[in-house]
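*Asks:* Put together the whole structure using the sequences plus the hints.
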Amino acid sequence: MEFISVSEHCHYFKSAVNIGYVFKDGKGMLIDSGLEKSTAKKVLKQLIKRELPVHYLIVTHAHADHYGGAAYIKKEAHVEVFAPPLEAAIMENPVLEPIYLWNGAFPMKALRNKFLEGQPVKVDSLLDCGEKAIGPFQITAIHLPGHSYSQCGILVEEIFYAADSYFGVEVLRKHKVPFIVDANAAITSLEKVLRLSCSGFVPGHGEFEKDPTYTIRANIECHEHVKTFIQNLIESVPSGVSMDTIQRKILEHFDLKAREVGQWLLYRTSFTAYLSSLVEDGKVKLTVKDNVLWVISTNSLDLL
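Counting in this note's numbering, the sequence shown runs from 1 upward without gaps.
These aren't lab readings, by the way, just hints derived from the structure by calculation.
Note that the coordinates shown come from a computational prediction; the quantities given were computed from them, not determined experimentally.
Take the hints with a grain of salt, since some may be wrong.
Unchecked claim - No more than 27 Å apart at the CA atoms, straight line, and that leaves these computed lysine-lysine pairs for DSSO-like:
id: 1; residue 1: K24; residue 2: K49
id: 2; residue 1: K283; residue 2: K227
id: 3; residue 1: K74; residue 2: K37
id: 4; residue 1: K14; residue 2: K24
id: 5; residue 1: K74; residue 2: K122
id: 6; residue 1: K227; residue 2: K289
id: 7; residue 1: K132; residue 2: K122
id: 8; residue 1: K132; residue 2: K192
id: 9; residue 1: K122; residue 2: K75
id: 10; residue 1: K210; residue 2: K174
id: 11; residue 1: K283; residue 2: K210
id: 12; residue 1: K75; residue 2: K24
id: 13; residue 1: K176; residue 2: K132
id: 14; residue 1: K75; residue 2: K42
id: 15; residue 1: K14; residue 2: K210
As the list claims (entries may be wrong) - With beta-carbon atoms standing in for the labels, derived distance ranges:
id: 16; residue 1: K289; residue 2: D128; range: 41 to 47 Å
id: 17; residue 1: E280; residue 2: R195; range: 19 to 25 Å
id: 18; residue 1: T287; residue 2: I4; range: 48 to 54 Å
id: 19; residue 1: Q138; residue 2: E2; range: 24 to 30 Å
id: 20; residue 1: R50; residue 2: D281; range: 30 to 36 Å
id: 21; residue 1: V95; residue 2: H253; range: 31 to 37 Å
id: 22; residue 1: E170; residue 2: L286; range: 31 to 37 Å
id: 23; residue 1: E76; residue 2: K114; range: 53 to 59 Å
id: 24; residue 1: N103; residue 2: H253; range: 46 to 52 Å
All C-beta atoms in this analysis are idealised placements derived from N, C-alpha and C, irrespective of residue type, glycine included.
*Replies:* Here it is as structure tokens:
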């Protein structure tokens, strides 16, 4: 974990999950907290070594790799925790993530692990979109749903902490299909980030860039490519395709391996999000045939 300064007041801990840190007028603010206690301990240890304080913690969204260490930081550093309203509800009740991944049923033990269910943490203040003063920091919270339900990015001191609104190019190449809950919202959020004017961008996963235009466009192209593949797959079979077949074909096409149930469910959530966008765009429709959920192209329906 490397501590990197990107401006006079703004820094970040570079790791598998980047953690932002802003220091001004004797006050310190973290942006996200890492996956678990061990990560949070490393962050606090580095801050102590550098004689830097921490008074506030903003969590951008309620995925365990971004809030799992928050409970430890709150306990040890007595920070005030901020999060967007819907994300805060999940952070305080982390079982909600494995619940929604498991179709709303109470999750089995295999899904209740640190990657899908972080340690619960009490959120002190809800973070609404727009400008807000937190101690000496004047921040702008920007609503960026798509990767999660109400994720926000944080603009402070001309640096934008982008959370998981976009991923570094190497991260995209590795994972091929990003986790999302809303494909159209994810693309809209990317376009919103493209329009921002600031001195630098820190993504949740990837490298700091002064100009992330290429990286963000690569993210947009990734989402559009997956959507197009699914649409073409459905259109290639006039009688329609079952949901299970769509997932299997996508995994095969992108050479993705679901090695356990949790990973398979994460993939399914993303693919369902892309499919939902095609439904909302009027490209496909859902139906039930022989007790199986079926997807058919609207072009095929016009021919029937």
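*Asks:* All the hints need checking, so say for each whether the structure fits it.
*Replies:* Hint check results:
no. : hint                       : result
1   : K24 with K49               : 18 Å, holds
2   : K283 with K227             : 11 Å, holds
3   : K74 with K37               : 11 Å, holds
4   : K14 with K24               : 20 Å, holds
5   : K74 with K122              : 9 Å, holds
6   : K227 with K289             : 23 Å, holds
7   : K132 with K122             : 20 Å, holds
8   : K132 with K192             : 19 Å, holds
9   : K122 with K75              : 11 Å, holds
10  : K210 with K174             : 23 Å, holds
11  : K283 with K210             : 37 Å, violated
12  : K75 with K24               : 23 Å, holds
13  : K176 with K132             : 36 Å, violated
14  : K75 with K42               : 15 Å, holds
15  : K14 with K210              : 16 Å, holds
16  : K289 with D128: 41 to 47 Å : 44 Å, holds
17  : E280 with R195: 19 to 25 Å : 23 Å, holds
18  : T287 with I4: 48 to 54 Å   : 52 Å, holds
19  : Q138 with E2: 24 to 30 Å   : 27 Å, holds
20  : R50 with D281: 30 to 36 Å  : 50 Å, violated
21  : V95 with H253: 31 to 37 Å  : 33 Å, holds
22  : E170 with L286: 31 to 37 Å : 36 Å, holds
23  : E76 with K114: 53 to 59 Å  : 18 Å, violated
24  : N103 with H253: 46 to 52 Å : 24 Å, violated
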